[in-house]
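*Asks:* Residues per chain, in single letters:
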Amino acid sequence: MITRKNLVHGIGLLIMAVLPLAAEAAGEPFLTTVASRVLIYALVAVSLDLILGFGAMVSFGHGAFFGIGAYVVGILTHHSYEATAIAFLPGDWTGTTAALIQWPMAMLVAGVFALIIGAMCLRTTGVYFIMITLAFAQMLYFFMTSLPTYGGQDGLNLWERSTLPFLDMYDDTQFYYVTCALLVAFMAFARRLVRSRFGMVLRGCKQNETRMAALGFPVYRYKLAAFVIAGMGAGLAGALAANHTEFVGPGLMHWTRSGEIMIMVILGGMGTIFGPVLGAATLLMMEETLSGFTEHWMVFLGPFLVFVVLFARRGLYGWLVGTEADDGG
Amino acid sequence: MTLVLFLEQTLNGLQQGVMLFLMAAGLTLVFGIMHMINLAHGSLYMVGAYVAASVTLASGNFALGVLAAMAAAGITGMVVELIAFRRLYDRDHLDQVLATFGVILTFNEATKIIWGPQALFLSTPEILSSTLELIPGAPYPAYRLFIIAIGLIVGLGLRHLILNTRLGMLIRAGATHREMVGAMGVNIDRLFTIVFGIGAMLAGLAGAMAGPMLAIEVGMGEKILILTFVVIIIGGIGSVRGALVGAILVGLVDTYGRAFLPFILRSLMEPSAADSIGAAVSSVAIYLLMAMVLMWRPRGLFQAYGD
Amino acid sequence: MAADPILEISGLTKHFGAVRAADDLTFSVERGQIHALIGPNGAGKSTAIGQLSGEIRPDGGRISFDGRDITHMPTYRRARKGLQRSYQITSLFPDFTAEDNVAMAIQAQQGHSFRFWTRARTDETLREPARAVLKRVGMEDKADLKVTELAHGEQRQLELAMTLANAPSMLLLDEPMAGMGRRETQGMMEILRPLKGEVTVLLVEHDMDVVFALADVISVLVKGSVLMTGTPDAVRDDAEVRRAYLGDD
Chain A
699 MITRKNLVHG IGLLIMAVLP LAAEAAGEPF LTTVASRVLI YALVAVSLDL ILGFGAMVSF
759 GHGAFFGIGA YVVGILTHHS YEATAIAFLP GDWTGTTAAL IQWPMAMLVA GVFALIIGAM
819 CLRTTGVYFI MITLAFAQML YFFMTSLPTY GGQDGLNLWE RSTLPFLDMY DDTQFYYVTC
879 ALLVAFMAFA RRLVRSRFGM VLRGCKQNET RMAALGFPVY RYKLAAFVIA GMGAGLAGAL
939 AANHTEFVGP GLMHWTRSGE IMIMVILGGM GTIFGPVLGA ATLLMMEETL SGFTEHWMVF
999 LGPFLVFVVL FARRGLYGWL VGTEADDGG
Chain B
33 MTLVLFLEQT LNGLQQGVML FLMAAGLTLV FGIMHMINLA HGSLYMVGAY VAASVTLASG
93 NFALGVLAAM AAAGITGMVV ELIAFRRLYD RDHLDQVLAT FGVILTFNEA TKIIWGPQAL
153 FLSTPEILSS TLELIPGAPY PAYRLFIIAI GLIVGLGLRH LILNTRLGML IRAGATHREM
213 VGAMGVNIDR LFTIVFGIGA MLAGLAGAMA GPMLAIEVGM GEKILILTFV VIIIGGIGSV
273 RGALVGAILV GLVDTYGRAF LPFILRSLME PSAADSIGAA VSSVAIYLLM AMVLMWRPRG
333 LFQAYGD
Chain C
63 MAADPILEIS GLTKHFGAVR AADDLTFSVE RGQIHALIGP NGAGKSTAIG QLSGEIRPDG
123 GRISFDGRDI THMPTYRRAR KGLQRSYQIT SLFPDFTAED NVAMAIQAQQ GHSFRFWTRA
183 RTDETLREPA RAVLKRVGME DKADLKVTEL AHGEQRQLEL AMTLANAPSM LLLDEPMAGM
243 GRRETQGMME ILRPLKGEVT VLLVEHDMDV VFALADVISV LVKGSVLMTG TPDAVRDDAE
303 VRRAYLGDD
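Chains as they are written, first to last, in our numbering: chain A, 699 to 1027; chain B, 33 to 339; chain C, 63 to 311.
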């Protein structure tokens, strides 16, 4: 059925599918690299929206899991390159550059951290939750900053991108399509998730957590599970980001990064699967354009954000799709 | 020797705690009364530091610099409150976080435009640049003692303000029974602006005091903001007493951690590993403290007046 | 009175600052009966419901349900044991349809919801019983309306439907008729009356006509403790109750 919503989704997916070809045809191949960056941030934004938009958990520390994912790739590659054993793991494994090991590990490690941090943070609610997620993310940031083993403040250069069978990750177009495929897969997963029983519980908690408990749901467990899933999504995005810039540093976990990811979600439309992608694209494009225009582009971005929050809360997706956006993914 | 070192570090911890208290008091008041989470509180600290440095360098008078900093931060705070923040009191915390995040970006960039990207440095004022031998055998910088004293004065002043004055009565009532205060014919909007101004002034004071001790640069506000969050989470959001206790706790734990943890670890492992792990762990000590407090009391050590 | 209490409350206390919302509150509810809790404003009726449902933690005392101490049991486990509550101020999921709301309640009782794949809105094991419950409260034709599109009385009915959805052994109804007109109240009574004997009900209600028409037993609460417990007739004729409560008008 052709509805406004399906039309928006269709056009969005089409743009994602043909972008490298269009960039090539337009003689601007670097756009493919820019677009890869957009998709990576879209992935982390969609993962945040699972808890922020669908579960009303205002996590201000999502950048931490993004950074963890990146560091997993960075550390594994570092040891593989130097052929040194990973000190904090048993045995004498010297890491790997194989994406099929690195990326799932990035998700796993991010998930474990999300489990520990979430278990503590979810004991609190409201403004406490915002501040404590922020504080834990900063804790990881400072930890990596002051840990000289992995570059401390200077971070780690990625000596080699992750390797995938049959694919060349150094080819910008191939890198783009790998990223795109992972993003679309995650979005499809997220869409199923929010419509499943689990997703209904999550959305119920968002609307009325007290009632959920009164109905017999152990809400803490469901929120924690969602927090872990979101953390894993961010970890995957982090693994891709490390490959994209061929560098990992504590800056990936800095709280302003978490703030930016949050802004992408709000700008695009909370509680939707497509919205965060739109938000990521818009914010990063604004950055690109404004920074070409003035060095002090943040002085425009700041008030713009205040304006969006005060007057345009529905987000771009709601504006494009209209009332259908309320369907919940 | 160790005892001297310990006492010295205790003073350092107190001094850091006092700075954090100046920040936390304003932030916690604004939250307690307006239910508003203000990320841009650190920006007011930065404004204070920059204005203090500029005025001191121009006039050669640090006291004048401090006063100017307080005035500038207070006025900036009230102007931002009037333009944007008062629209946010009834919004949810997510909106407040995002909008004040936008304000931070704006302030940081504006500061770069006005003062340039280079850090400013301010020397300790002449009279306070000496040392006092408070602990026998360990001369201690007078300026740091001065900060502790200022913190105590502000703490007592706030206590007096909240417990004994009409404004304080309104603040306490405003935290618990907002509608009632409005119904009593008090101009709530003005009360909020004043409270915001007080918080901003204290942040400006903290920024000015910090000036001679660290590089005055863009981003300094966010560093202390996160620490301030840790403080008020530990103390209990909305409680000024909690802010004081939390600030001192965080100041001491952070200072002790940095001073003694590598030291202790050295007796357990080889020195180079001890130093690097010690540095990493001590940098996160206060967050571990926060986690432990929240395990025990998810809403902090002290309850706010209302809530 | 046959002594088969399903709920026993003894020595429950709860202070909010200087206010004693529960002061050595002691009473029990017989299985299968409709037991009403009445009393002047501020007597602690809602606090009592909150403590029984687990949303308010008592300072002291003991609550046992079905022979088991539940004083420190979290809300969700009480609900799973068959103790369901409704709210005085309608507490629903506003973005969901009426059927979604009831399906949510049914989902709560069907074991865990760690099911990430199958679409919940087309899952007949949730939807079919949800529609049946809506029918029971006379709302089958409103199933697809969003909560925000329902009239106040319909929202109250939905509130009740959600507590009924899980075949609970006991209902805690906090002013089910709040804000309802006469006709809506009559409708609600028609829904509640057949429950007698099947489900135990603890009913907090301001509308005395409703209380006297429905209740088997009435407890009168004053300042956080029980002034007296008895049949509707006994309560109506009690001088002390009149003084403390009915005569207050």
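There's no promise every hint is true.
To be verified - DSS-like, lysine-lysine: derived pairs with alpha carbons at most 27 Å apart:
hint : chain 1 : residue 1 : chain 2 : residue 2
1    : C       : K197      : C       : K258
2    : C       : K204      : A       : K703
3    : C       : K208      : A       : K703
4    : C       : K258      : C       : K208
5    : C       : K197      : C       : K208
6    : C       : K285      : C       : K197
Simulated from the structure, these hints should not be mistaken for laboratory data.
*Asks:* It remains to establish, for every hint, whether it holds in the given structure.
*Replies:* Results for each hint:
no.: 1; hint: C:K197 x C:K258; in the structure: holds (19 Å)
no.: 2; hint: C:K204 x A:K703; in the structure: holds (26 Å)
no.: 3; hint: C:K208 x A:K703; in the structure: holds (20 Å)
no.: 4; hint: C:K258 x C:K208; in the structure: violated (31 Å)
no.: 5; hint: C:K197 x C:K208; in the structure: holds (17 Å)
no.: 6; hint: C:K285 x C:K197; in the structure: violated (40 Å)
Hint compliance for this structure: hints 4, 6 are not met, and every other hint is.
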